[in-house]
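Engineer: Here are the chains, one letter per residue:
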Amino acid sequence: MTWTQTRPPGAPVAADATAAAADPSPADPRVPGLAASDPTASGAAVPGQSASDRTESTQTAATRARRALRALVVPLGAASLAPLRRPGLVLAVLWLVVLAVAAFAPAVLAPGDPLDGVPAEKLTGPSGAHWFGTDQLGRDLFTRVVHGTGLTLRGAVVAVALALVLGSLLGLVAGTAGRVVDDVLMRGVDVLLAIPSLLLSLSVVAALGFGTVNVAIAVGLASVASIARVMRSEVLRVRGSAYVEAAYSYGARPAGVLLRHVLPNASGPVVALAALELGGAVLAISALSFLGFGEPPPAPEWGALVAGGRDYLRTAWWLTTLPGLTIALSVLSANTLSRALDARFGAHR
Amino acid sequence: MTRYLAVRVAQALGVLWAAYTVSFLVLFALPGDPVSALVGGDSSDVTPEQLDAVRAEYGFDRPLPAQYVHRLGQVLTGDLGRSVATGRPVTELLGEAVGPTVQIAAAGLLVALVVGGGLAVGAHATRHRVLAGLLLALPPLGVAVPSFWFGLALVQLFSFTFPLFPAVGQKGPASLVLPALTLALPTGAVVAQVLSASLRRTLREPFVDTAWAKGAGPTRVHLGHVLRNAALPALTMTGLVVGGLLSGAVVTETVFSRAGLGRLTATSVGAQDLPVVQGIVLLAAVVFVAVNLVVDLVHPVLDPRLPTTARRAARVPAPDRPAELLSAAPAGA
Amino acid sequence: MSGQASAPVSPPLLRVVDLAVEYRTRRGPVHAVRGVSLTVEAGQTVALVGESGSGKSTTAHAVVGLLAPAAHVTAGRVELDGRDLLTAPRRELRALRGLRVGFVPQDPTVSLNPVVRVGEQVAEVLRVHGLADRRTARVEAVEALRRAGLPDPEVRAQQYPHELSGGMRQRVLIAIAMVAGPGLLVADEPTSALDVTVQRQILDHLEHVTTETGTGVLLVTHDLGVAADRAQQIVVMSQGVVVEAGTPDEVLGRPRHPYTQALLAAAPSLRTSRAHALRPAPGEAAPADARLADASSADGPPVGSSRTDARPARAASDTATSASVPVLEVRDLVKDFALSRAAGGGTLRAVDGLGFRVLPGQTVALVGESGSGKSTTARLAVRLADPTSGQVLVDGADVTRARGRALREARRRVQVVYQNPYASLNPGWSVEQLVTDPLRVAREGTRRTRRDRAAELLDLVALPASALGRRAAELSGGQRQRVAIARALALEPAAMVLDEPVSALDVSVQAQVLDLLTDLQTRLGVSYLFISHDLAVVRQVAHDVVVMRRGVAVEQGPVERVLTAPEHPYTAELLGAVPGRRALAAAAAASASVGSAP
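If you read the protein sequences in the order shown, they are chains Y, C and D.
By the UniProt record's numbering, the letter at position 196 of the first sequence is numbered 196, and the numbering carries on one by one without gaps.
By the UniProt record's numbering, the letter at position 245 of the second sequence is numbered 245, and the numbering carries on one by one without gaps.
By the UniProt record's numbering, the letter at position 338 of the third sequence is numbered 338, and the numbering carries on one by one without gaps.
Take the hints with a grain of salt, since some may be wrong.
Coverage of chain Y stretches by chain C, computed from C-beta distances (three or more under 8 angstroms per stretch; other residues unrestricted) [claimed, not checked]:
(1) 132 to 146
(2) 191 to 202
(3) 240 to 249
(4) 306 to 318
FYI, nobody ran anything at the bench for these hints, they're computed from the structure.
In this text the structure is predicted, and so the values were computed from the model without any measurement.
Each residue gets a CB set at the ideal place from its N, CA and C atoms; glycine is no exception.
All chains should be built: construct the whole structure from the sequences, respecting the hints.
Structural biologist: Here it is, written out as structure tokens:
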């Protein structure tokens, strides 16, 4: 065997090896020998970069003008042009905006009373008067869904906020406080991951009791582990980066590095994950309220609405289908947003 | 190898002990009075003396550390305590519930692997970009649909509109179809997403070009080279997938009114029957740990790069980045 | 040549005619290859030379039909034995790949299937084309590995790729490409991921095998030296078009196109003179290579002149006094790394008893191949890692165990520039933030004075002040490296540790950055510890050189002496492996004859 493979991973020649492997992103065609020397599919996606890297012996006024234009447009373009290329993302954001309105000012969308039924109009299908139809007590389903948004969505936000704070803190400490602390914390996180998240939430609900707040806490606690994990790996990634080493080499102090380099660069993927967890929290809260552990009956939580329609599956399809679709669209929107955020922050890696 | 095995088993036991600790902390140390929950909440006809009697019976009158040690001793001897609601031993309740759940979980896992895996491979192997886009749009959809609603929709469609399968109950293989599909939806979507991300990464590897340059056909390249490599990181997610099946069973068994672990979980939580809930949590942890142990033992056999003595196995495999779950769809989609 | 003799009768082995390839991106098509034509005769080696983005790899991939999904051939023909491959049905292409056309990819470390035994991967070619059954394929695979120069092929065939070194893996890939006896071999930068001595062995072997079998070779390389040494025909590409083609003598001796001339002037291995010799006196305008403008010149005036140089040139007098205290010195430096249990435990001595001194205004180069410990030494020298034993001295003061303020002071005196400018700059920051951060950290000046200083620093590294507001992500590799240099200069260090500062850059950009570095040394008197694997680059910039192998300095001394009359056989081996030496002699002869002709 030659000496090349007796080398321990990440030890002495790490700097040599990282030299070549430091930037594994295929969008970097300039590490000689490792990456393609021509625009690859991804490399070509940033023509501005690769083009400017070439030696331009034949530079014309036109290319100069184009470059100037690009310098202007690129920062703006992210905001103004990108949405046109991504109709899915636009729809997702619009939907989330509508949900936010429904959560904080439900009367704007549905002025009626979600608990007030007209017995004469019970179990009528969707129509102009009742967009989502009515239930067995003659209550307008659309009004109930709109007013239920607040319960479900606010629960989800509380859950994610809880998970984000606890998880980020755990991950940050694990990623910075040294090996022993890291090992202890991450073993703990491993254990949380060993218990299926819904089961963990159910245990917390069993201990704390029912209701929206308890359900939100339960769902949030179940997401702590995954956020802690991503935060930690991001912190470690940034801490190991050449630019952090460079900062230390010109005298930066650990606290400054943490605040100015690590946190800003590590938080992007965590934010993307938080958006994903928001969708997950909507699903989990709906599932728990479907199982009957949320607010007690008259409250129009989304999951409870679906559960309430169970007995009328044969006759009133809308009672389960329309609230179900609402949940699905909301989760899908949150996930779409998350993917866009991840792609945005992933570009820097 | 035996040394490796011993280390791994010791680690697995460590995780189990920690899982017990977590479940104890969650169930018995969180604020909330387990005893008043046990005897029926706010009922005023219970005298303080009766409450104390119940406390003594379940050991809640002792300080938490003492309770912790006492219950740990019981668990180690295989005694998970008695159900508060029914008075029966927890182990007995679990034993009865495992069978039906294993049935739908196995069926669901099979469907999830075949459909989810097939979808991922198909999307990456096809040359039709539109078809690939369509296939890749499905898993994110599958993750977003609440499975309790999906189950009800299946019932609406295949039990009422077209009476093909029974809506409830567990008689005969036909009753297994709809629950298995319901369970397979979230699992299959996750399988497809994880495998897709892995396939996409693998397809970018230069060794795939080497394979094409040999003149190998698409079947050989996609199955022999790409899938063989891409499946390895996906394999490490098996533990999470199986855990997900157990979560799914809670909802599925409720929707289809089937007996099993999931139903037991739902009713025990509803009755705040803490010993049973703790038993289920411990069982889930045992399953998770066992699955990961098997995966860890199989993995070095499938991947020659992993030394069997590696410490990496100590870490529970799970995605460290959201991208690993999200990137199933191409960035442009 | 035999190919030329048969040319009139039969079509050439490979003929590429007016090939055009574009990448379809979200921002519209990128024309990577525009109207490229070239011919490879049987038994002939044709080198396709260019920098990144020149379209050379795309051309090679188009020939083997391995274009990325986003790439589309928009025009032209690729004829193999007179048959157009671009219009051929997929099935027919499949039958040709591996059988008539062998392909050697760029990076051997990632180009083999990691979970399949090496022998099986060679045998697969034979199995795919129905040339052998399972048993005979195995035997033939071992034979092919032997022919590819792999020692103990029977044993190696049973191993997995990760168990082999990079050079061995490249031999396996050559075996894969050659096992079916193809008429054409397409090699895409086959050695650029390898150490120079291994590169030489592999190229020697490739030459040997293809000559023996009469295989035509299309050799893609960024290294004009490699091309000059190995090819009968050189095709130079730039920005998607062929700018020059001809024999090595023609291309190197009488380059017609300005791009080739510039490339030639920039190629370190073909540059005969040291940059020092070209250095202007302080105060004179820096040498901007007129033929090869750096991308930065698009944004503003080229190199800053003395007018904008606020720093006094404290160098000139200092360098003269040889008795001055070394800015940076290491003594008996030793660094051990604990090996993981998986690697067998124990320790690995990465640096072993190293000592050298960097005098004011001087450059000491650390040269070695991967694993030589040169980068570890760099980290030790700036105290980013702690040595196992030995001393690090800055300005004559021992800082080996310095902590806190003392350490920060020492670090101010010795700054670092990293190899990869894509990783060493915080991607979210503006250039101004990047350059002024060292000052902010040192609590020097106000926001306004720091901003002025930033403009000054940018001017020093020949970047326009308009770059201050840009983010690192918007800059090219060469520009980023200039920013990194400016950042390192912010604290006015006495010395800079340059860890492979140009090896991530294209040849022409490389030359500009090297010129900038030598220019800065003249003007500011800053010392360099220059880490490099490239002897040709070292020859240009260094005063003293330390040749390292496996943690030990096998030879050290003045550049002129070590690189012309090496005492250690390893140094001689390294020198002999530098590509372009063969051609250099020939070209010198050629240009001499041209000069005397008229």
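Engineer: Against each hint, give a clear statement of whether it holds in the structure.
Structural biologist: Going down the list of hints, with the structure as the test:
Restraint check on the segment 132 to 146 of chain Y versus chain C: 0 residues with Cβ-Cβ distances below 8 angstroms, three needed, restraint violated. Coverage of the segment 191 to 202 of chain Y by chain C holds [criterion: at least 3 residues with CB-CB distance below 8 angstroms; count 11]. With 0 residues bearing a CB less than 8 angstroms from a CB of chain C, the segment 240 to 249 of chain Y misses the requirement of three and the coverage assertion fails. Counting residues of the segment 306 to 318 of chain Y whose CB falls under 8 angstroms from any CB of chain C gives 7; the rule of at least 3 is met.
The structure fails hints 1, 3 (numbered hints given earlier, in ascending order).
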